[in-house]
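Asks: One letter stands for each residue in the lines below.
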Amino acid sequence: MTENTDEQVPDGEIADEAAGGPALPPGGHGVIALLEENCTACMLCARECPDWCIYIESHQQTVEVTGGRPRQHNVLDRFAIDFSLCMYCGICIEVCPFDALFWSPEFSYAERDLQGLTHERDRLREWMWTVPAPPARDPDGAGPAGS
Amino acid sequence: MTPDGVGARMVALVGAGAAFSVTFGEVTVDVPTDRWVEALTAARDDPQVAARFFDWLSAVDETDRPPAGFSVLAHLYSLTGRHHLLLRTLVPTDRPRLPSVVGVFAGAGWHERETAEMFGVVFDGHPDPTPLLLPDGFEGHPLRKDFVLAARVAKPWPGAPEPGQGHPAAPRRTRTRPPGVPDPARWGAGHQESAAGQVGGDGD
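Protein sequences appear in the order of chains B and Y.
Residue numbers are given in my numbering: position 86 of the first sequence equals residue 86, and the series is strictly consecutive.
Quick note, my numbering runs 1000 ahead of the 1-based positions in the second sequence.
These aren't lab readings, by the way, just hints derived from the structure by calculation.
Keep in mind the model is a prediction, meaning the values are calculated, not measured.
Do not take every clue at face value.
Said to hold, decoys possible - Some but not every residue of chain B turned toward chain Y, in silico, with C-beta under 10 Å: (1) N38; (2) T40; (3) M43; (4) C45; (5) W52; (6) C53; (7) I56; (8) V65.
The beta-carbon is built from N, C-alpha and C at its ideal position, and this holds for glycine as well.
So that you can see chain Y by itself, here it is in the shape it has in the complex (with noise of 0.2 Å):
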């Protein structure tokens, strides 16, 4: 089958709200939350798309941009068709909940566990939804934009120095901020020191 004769048909069987597009020969089918569970199961029952190989499923942080959210991905494979399927819904920020579809690829649960932990994206109706990669006590969801490394706090930015100027930068002019990290004065060393005695915060 052909990547638009896929989508095309994986947007008949989920019915309203769906949507496919194809980018560099291979297609991702949109669809709405409430019918995630019902799109994989099309997917892999239907004889046409007969998507049986459960490839991973993950999640893309889309929250900087609208319709802001996180978009939850999952692969599938033909095996007879030979062709992929991309199904892709979107979970909105402030309440990213999403049935598991462990009941139809039962391969999903480790997948959606890492997806959980790292995005903080709750599959209900998952068996086991126990963190599987990060240790006990870890706070925050690593994969998400808004998280900071640990790191970035413990060591100095090497790219703070001015050219010419020795290791303390001058401070004239606005001093240069390493990408991805937020102001110190937001977040930090510096603003854990003016917060001091407060929370013991790091990961917020």
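Okay, chain B solo, but in the shape it has when bound (with noise of 0.2 Å):
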């Protein structure tokens, strides 16, 4: 591949600053991130996709409690989205109600094979480190509820 000089899309570590890459500008995003360990496959993102771009795989394991009924809950086989289908709408962020995904500000994964950007649980959970911490609370907002 060519050196590629244009500005806007630059090679390499882009969306860092520190890096010497541009910023993204105020409101951009990039891909999206799992944070797998609160997904529970409950399959709202995969049905409220309209791209139909979110593969979801899961089975139901049983867990013994002591002094208790045993539960069942979820387990994830598999997740993953496909970038090359992915509109970057962020309704999987909005519906998720485990708050599981994320926007990431990295931008930077160009493939070379379409197939190549179907992004699979592993690196869904990678984009996981470099999504920005959440804005502080507002000081004059309400505090949590029941307090």
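Now that you have both chains on their own, put them together as the hints suggest.
Replies: Shown next as structure tokens:
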């Protein structure tokens, strides 16, 4: 690949301002990251996705609880987002009731092969390290419920 | 001119059947279908409205709510008065015809060709009523709400499996279906299998 000299789409660590790359414009975002620890495989994102680009496979596991009934919970087997179909609408992030999906500022993940744009759970989890901290709480806002 | 002023002036120019509303600071003037060309001509030629810049023309599928039909819209702008004007008319679903306004704004030609192929609205008197963007032989009008994408037949819905179930969805309860895609018994791959050999039908 020839060296890209375009200011708007440079090579390398683009979203990282410290590395000399330009910052995203205000309100801009990059890839979608998955915090799979929070995912319950509830399928809401896959069902809301207008592009049909989220693939989830899961199975149920029974956990014995000492002094109680055995509990069942879903175990995630596969979580993939096909970024060749994704239109970055963010509906999946909005709809997730368990805060498992986040916007990451990274947008440098071009591929020579279309298949490579399907990011499996490990790659989506890696993006999680690039997700910025949430904005600080509004000191004038209401406190936590029940406080 | 204020949006209210433009609206009131347009209603006075078009006459009976016209009405205007102001939403988000911009005026929309509803005109009867048979006064469509006159309304655009008046908007262009009236010295007060003077909306001589033709911005765009398109349509909205409003067949799912009364009064059903396709809203055809034209957005004009007045460079002298610096005000916007959105003209709208409703053509019925079963007879979506409208006189062409190419004679008023020549630039509307491509917009009308696109609206015709995307919504199936026929523009009478258009000098070149051929498709603008769609490939030859394309059937159907893609921006109509009842048009279903072929990609929705070719690919299984990833939202079909139940949480915690494997890939084949358990057939208990009513199966969840993707929004906006009709019952597979009526349309799509299942429909084609049941009607195999009859019609090679996509996009009905």
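Asks: Does each hint hold? Answer for all of them.
Replies: Evaluated hints:
Interface hint status for B:N38: violated, as the beta-carbon distance to the closest one in chain Y is roughly 14 Å, over 10 Å. Proximity of B:T40 to chain Y holds as hinted, the smallest CB-CB distance being about 7 Å (cut-off 10 Å). Interface restraint check: B:M43 against chain Y, minimum CB-CB distance 5 Å, threshold 10 Å, status holds. Interface hint at B:C45: satisfied, since its Cβ lies 9 Å from the closest Cβ of chain Y, which is below the 10 Å cut-off.
A least Cβ separation of about 5 Å between B:W52 and chain Y falls short of the 10 Å threshold, and the interface hint therefore holds. The interface hint given for B:C53 holds, since its Cβ lies 8 Å from the closest Cβ of chain Y, which is under the 10 Å cut-off. Nearest Cβ of chain Y to the Cβ of B:I56: about 7 Å, under the 10 Å cut. The hint holds. Among the interface hints, the one on B:V65 is violated; its C-beta lies about 18 Å from the nearest C-beta in chain Y, farther than the 10 Å criterion.
In this structure, the earlier hints numbered 1 and 8 are contradicted, and the remaining ones agree with it.
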